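A.B. asks: Sequence:
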Amino acid sequence: MNFESRHIGTSASESLEIARALGYPSNEDLLRAVVPNDILINEPLDLAPAVSEVEALEELRKIAADNVVRRCAIGTGYYPTITPPVILRNVLE
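Each residue of the sequence shown is one higher than the last, beginning at 1025 in this note's numbering.
Everything labelled a hint here was simulated from the structure, so no lab data went into it.
Since the structure is predicted, the reported quantities are computational estimates derived from the model, not experimental observations.
A few of these clues could be false.
Said to hold, decoys possible - Estimated spans, in silico, between C-beta atoms of each pair:
(1) Phe1027 / Asn1114: 43 to 51 Å
(2) Thr1107 / Ala1080: 42 to 50 Å
(3) Leu1046 / Asn1026: 24 to 32 Å
(4) Gly1033 / Arg1095: 39 to 47 Å
(5) Ser1050 / Pro1073: 24 to 32 Å
We treat Cβ as the ideally placed atom computed from N, Cα and C, and that holds for glycine.
Using the sequences provided together with the hints, build the complete structure.
C.D. replies: Listed below in structure tokens is the structure:
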């Protein structure tokens, strides 16, 4: 079995075969049988149109350009300290 077969999942025909093996005439019927009605979305989602990877990266670069780069202050005030010998020797319990 190649990489794609292991990671992409079932094809449409394989999914239909599974649904029929479980006693459902279609994938839609199987879905409606297993997903509770109170979480099932019946109307289409209001999604933005699809964009290419290049277009998405351009948009992300524009958004990232608004970021303010700051100096990292992690450890400020602690790095020039001396570790007490009792801690270095691991004496504390």
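A.B. asks: Each hint should be assessed against the structure and marked as holding or not.
C.D. replies: Tested hints:
In this structure the hint that Phe1027 and Asn1114 lie 43 to 51 Å apart at CB holds, the actual value being about 47 Å. One distance hint, 42 to 50 Å for the beta-carbon pair Thr1107 and Ala1080, holds here, with the actual separation near 47 Å. In this structure the supplied range 24 to 32 Å holds for Leu1046 paired with Asn1026, their Cβ-Cβ distance being about 27 Å. At about 45 Å, the CB distance of Gly1033 to Arg1095 agrees with the hint of 39 to 47 Å.
The hinted range of 24 to 32 Å is satisfied by Ser1050 and Pro1073, whose Cβ atoms lie roughly 28 Å apart.
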